[in-house]
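Participant: These protein sequences, in sequence, are chains A and B. Residues in the first sequence are numbered from 1 upward in steps of one, following our numbering. Residues in the second sequence are numbered from 1001 upward in steps of one, following our numbering.
Certain hints may be false.
[Claimed, not checked] Derived SDA-like pairs (lysine to any residue); straight-line CA-CA distance at most 25 Å: (1) B:Lys1291 - A:Ser102; (2) A:Lys291 - B:Gly1122; (3) A:Lys291 - B:Leu1073; (4) A:Lys88 - B:Ala1301; (5) A:Lys291 - B:Asp1077; (6) A:Lys324 - B:Leu1106; (7) B:Lys1291 - A:Lys291; (8) B:Lys1324 - A:Ser102; (9) B:Lys1179 - A:Asp121; (10) B:Lys1291 - A:Gly79; (11) B:Lys1088 - A:Ser325; (12) A:Lys88 - B:Leu1073; (13) B:Lys1324 - A:Arg277; (14) A:Lys324 - B:Lys1344; (15) A:Lys291 - B:Lys1324; (16) A:Lys324 - B:Asn1313; (17) A:Lys324 - B:Glu1049; (18) B:Lys1291 - A:Glu223; (19) A:Lys324 - B:Lys1291; (20) A:Lys88 - B:Gly1326; (21) B:Lys1344 - B:Glu1258; (22) A:Lys291 - B:Ala1138; (23) B:Lys1324 - A:Gly16; (24) B:Lys1291 - A:Leu73.
In case anyone wonders, no lab produced these hints; they're calculated from the structure.
As a plain string of letters, each chain reads:
Protein chains: 2
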Amino acid sequence: MQAVSFELIKKAARGGARRGRLHTPHGVVETPAFMPVGTAGAVKAMLPEQVAECGAEIVLSNTYHMYLRPGELIVRDAGGLHGFMNWKRAILTDSGGFQVFSLGALRKITEEGVAFRSHIDGSRHMMSPEKSIEIQNALGADIIMAFDECAPYPADRSYIENSLARTTRWLKRCKDFHKNTETQSLFGIMQGGVYADLRMRSANEITETDLPGYAIGGLSVGEPKSLMYEMLEVSVPLLPEQKPRYLMGVGSPDCLFEGVERGIDMFDCVLPTRVARNGRALTSQGNINIKNARFERDFSALDPNCDCYVCRNYSLAYLRHLFKSGEMLSSMLLTAHNLAFLQKLMRGMRLAIEEDRFAEYKNKYYAGLQA
Amino acid sequence: MQAVSFELIKKAARGGARRGRLHTPHGVVETPAFMPVGTAGAVKAMLPEQVAECGAEIVLSNTYHMYLRPGELIVRDAGGLHGFMNWKRAILTDSGGFQVFSLGALRKITEEGVAFRSHIDGSRHMMSPEKSIEIQNALGADIIMAFDECAPYPADRSYIENSLARTTRWLKRCKDFHKNTETQSLFGIMQGGVYADLRMRSANEITETDLPGYAIGGLSVGEPKSLMYEMLEVSVPLLPEQKPRYLMGVGSPDCLFEGVERGIDMFDCVLPTRVARNGRALTSQGNINIKNARFERDFSALDPNCDCYVCRNYSLAYLRHLFKSGEMLSSMLLTAHNLAFLQKLMRGMRLAIEEDRFAEYKNKYYAGLQA
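Please construct the entire structure, taking both the sequences and the accompanying hints into account.
Facilitator: Put into structure tokens, the structure is as follows:
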């Protein structure tokens, strides 16, 4: 019995959009779903109850960060990530791969794994498929991710070819090392850069492992969006229909629509939380910068089409005042709105798929931006 | 008809503690009461609903800050401070006096008022009794404060004597200028430094104005606590029994006990919110520093005797992790706990006065600290 199972509820009549349901030890996740990111065991500037109130049924936390601080054994002894961070719904941990590969000069790749230095104190560490799974087992998330190499963009074909072959070898080591499959489900990660045939090769290789879910990694790393969409088009159809598909690190509204249309079920991204702290709000009319002088005396809501807690209770003028005054409440409220906005967008997509009007819903979203 | 009226419910059999009730246009405030500070129109790191959940029935906001940014007319047009900051209960605004006098070299005092430069952009401004009331009328708080001079400590007797005489003259100007007494009540402020006879003189002078409440200013500005208590002992009995008494800028647990015992009904202080952002928690066993290494693997609550949201849901280990990781949630949770702790302390005092066991309650608090 696998910890996490996927129920495919409906496929759109046209296009690849799907409506599904992820059953996890910590509740159901309706898909397509967007997962807010809680890097260090906390969705920044949010109480967990607020994250749930926004509609999120699953959050992501970062293995690299939790391993370095406070250490996975402390989290384990605190009752796992769920207990430690007071989040009662589902959790997914990434593998730490993305972070250690992002360290640049601070890391060195071998077949064994990646030797790296901590960004916090410079201490030396080794992350390998086995180590990543060991840490993730201690953290106790419902879904854990295979240790892969997220290759940079641009990269030579030969680099990507070698890298994805290693990612496949590492995936087998992850699967072999992961034992408690009844409480945590391991997802594999497809790589292949922006080379269509390598994406297809990777998709075929990873699905041979027969895991409960698959992710698409190494996209949204600087390549044009059209290339990302092309990669999805060639590779997603090679993934098994009855397994969930997770597009990693993607969360702008347009990419969510395009991803869902190409058969993606799960997304995560720091975008809604990060831009909030910089004073940017996602709205049905496009992004707005709360610092803008035109909001000085604007007593209307952030988004006239939003009924979230923030839009019901606060004005643009107040939010601008908070940001300019350096009040933490600015980040708290803009984050709450941005997360509620994306969750509402995903709810809308789910309903639209159910009612066979996904294209219409998507067109309506784009039309609103131009208003 | 005054906006705010005070109902004296009970006097302690021994000592000066009183149990009262402040009736305001935005609800009842049970006294003795502690008012959290929302300097710039927000209690730092807290949603207003959380502030209310902690038990606060009134918050303080700063006239100086709201005047400089965003400007009192914007607040007025947003529906006053209540509407602007989404706080449905009572609000008190200070006069701006404390802040402009704190500017040191940036301000100059005349009989007219205080000329000063903004701490934000260096722009020139003039704050006078009339200007302060005009701003506070625009902000729309339930209780507004007279424009006084909060003299420094230490200060010559002659300085204090001149200063308090001017504060009395300014109080009359404030009262004359304040018109909408049906929606906002003006409180006068006693001064007099640490000179017992000057405190008594000031008490007698300000009560001649027959206002709906009186504050004690110019204490907790660096003098020994014993001197503060002595000043309260000589001057509070000169204030009318049927009017509320507000000790400004005081909020440490011991000072709250000593103030209540000497007949104080209201307090405000940035202490619980400010120390929270520096990683300090108020507990029934004394203050703790969340950074302390001994909390690394301590999965118990901040305060074993507290049932607040934070103590119910988070461990010392998690709170320490958040602080060390620079997560905003650290400030959010420690602030929520500190405010809940002080509100619970005040609730305990109110009940103890009702049940004629204030001294016992106070002794129990001090005994807990030594445990």
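Participant: Looking back at the hints listed earlier, which ones does the structure fail to meet?
Facilitator: Numbers 1, 7, 9, 12, 14, 15, 16, 18, 19, 23 - these are the hints that the structure violates, sorted from lowest upward.
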